[in-house]
Amino acid sequence: MPEQSAGMPRRRTVLASAAVTAAGVPLIGSAGQAAAASGGGRGERGGRVTAQAPDRELRKLLGEIDADRIEATVRRLAAFGTRHTLSVQDDPERGIGAARDWILGEMKKHAAVSGGRMTAELQSYIQEPASRIPVATRITNVVATLRGSVAPDRVYVVAGHYDSRVTDVMDATSDAPGADDDASGVALVMELARVMAKRRPAATIVFVAVAGEEQGLYGSRYAATQFKAAGTDVQGMFTNDIIGSSRADDGTRDPYTVRLFTEGVPTSETPAQANTRRSVGGENDSATRQLARFVSDVGDNEATGMNVRVVYRRDRYLRGGDHIPFLEQGYPAARFTEPAEDFAHQHQDVRVEDGKQYGDLPEFCDFDYIARVTRVNGAVLWTLAQAPGTPREARIVTSNLTNDTELKWALGTEPDLAGYEVVWRETTESEWTHVIKVGLTTTHTVDLSKDNVFFGVRAVNRDGRRSPVAFPLPGN
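Counting with our numbering, you get residues 1 to 476 for the letters of the sequence shown.
By construction, these hints were calculated from the structure, which means they are not laboratory data. Here the structure is a predicted model, which means the values were calculated and not measured. Some clues are possibly wrong.
As the list claims (entries may be wrong) - Here are the simulated BS3-like pairs of lysine-lysine, each with C-alpha atoms no more than 25 Å apart in a straight line:
| hint | residue 1 | residue 2 |
| --- | --- | --- |
| 1 | Lys-437 | Lys-408 |
| 2 | Lys-228 | Lys-198 |
| 3 | Lys-408 | Lys-356 |
| 4 | Lys-198 | Lys-60 |
| 5 | Lys-356 | Lys-437 |
Claimed, not checked - Pairwise CB distance ranges (calculated):
| hint | residue 1 | residue 2 | range |
| --- | --- | --- | --- |
| 6 | Asp-249 | Thr-441 | 27 to 37 Å |
| 7 | Gly-305 | Ser-131 | 35 to 45 Å |
| 8 | Phe-343 | Asp-68 | 21 to 31 Å |
| 9 | Asp-68 | Glu-283 | 36 to 46 Å |
| 10 | Glu-429 | Ala-136 | 47 to 57 Å |
Ideal placement from N, C-alpha and C gives every residue a C-beta, glycine not left out.
Kindly generate the complete structure, drawing on both the sequences and the hints.
Have a look at this one:
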């Protein structure tokens, strides 16, 4: 450890002020010599020390995302007339059943070129009468699973909902094209399934088109509970809902921004967990918030062409999405949605009123914008699947009163695991500001007071890919 200069404050009382270095400079386990992670340096936007630059493999994947295919998918889904959850299920041309069968057929085409790695199937159940479900109704999700080649039990989920609605949420017969809400999200899911089916992710990626969202998140709630009942290790879930347009209701456009809604205090938090959170101040460090930071680290760059605007809310006012049932099961989950909505083109009867066209029609979608949002999702999912899993059992040792910080975590099982990094920031900062390599170990002591800053731990593999950060809880 370098000698302390006379008259200087001890390092444990303040954050290190050393300048962040460029990528490639070795990092050492000293608070006073913290530097940027070699996987991204200062980052391409905003100086994020945890940013991960896209490699050649990821750039090639993103380059295969096709706006024309996305447009064709949105238009085909809109052409089913209505996809209302209560609409007919046995008509080959109209209704949610026709849409379901077409999505499954397309997913099976993608699976056919995967060399057996991808499967596509229907996930159905009978929903008994409940809110917005007047009679027993079959609700069916379309699920394509691309099994991981190294860590298949670690799972990431991307979803959109294929049901639609008009002004009256119980109207199951009127035309409800649902182009933006949410054929756009389903098109994203299907395009990622197409592009990734030919590849070998290390972890498993699940592509889901859910039903029943407009009636009350029924399909996603069933999917989330099925994952939980099976003990599935879902380490991240994203729903893409209303990602079809960059135009707001006043005509202004923001074509290079997508919002990401992320909760702080976990929906599934127990009273004991709440007590711990209050004691350590972890309101901004839930697993979902760490997932959001990861999205910015890998999805906000010139390869996607997008700015990810993270919003510290579970969802918009008076609204909800398919990530919420996953949050209820304790899974990290977040929602992508367009930067500002035009409410004349969602949840509306198709009509012309005072010369203004209402209705969720394909002509109001921006298909290049959907393609860019698809690239953000693709960058995030692929990097998550190829990187190590989020470290488990991260703890700050609190058995003794000390002015330094001892961190512990469980050793990951990935065969290409290279080591770990410790990150930290002031408690008033929202993003990690310092990062150091600590090697292939399960413990590290930092000469900074745990009382003054927030710490985290992330894993690194031999290719330099880094996991989301684990926020350590107090323990022994």
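Would you pick out the hints that fail for this structure and give their numbers low to high? Numbers 2, 3, 5, 6 - these are the hints that the structure violates, sorted from lowest upward.
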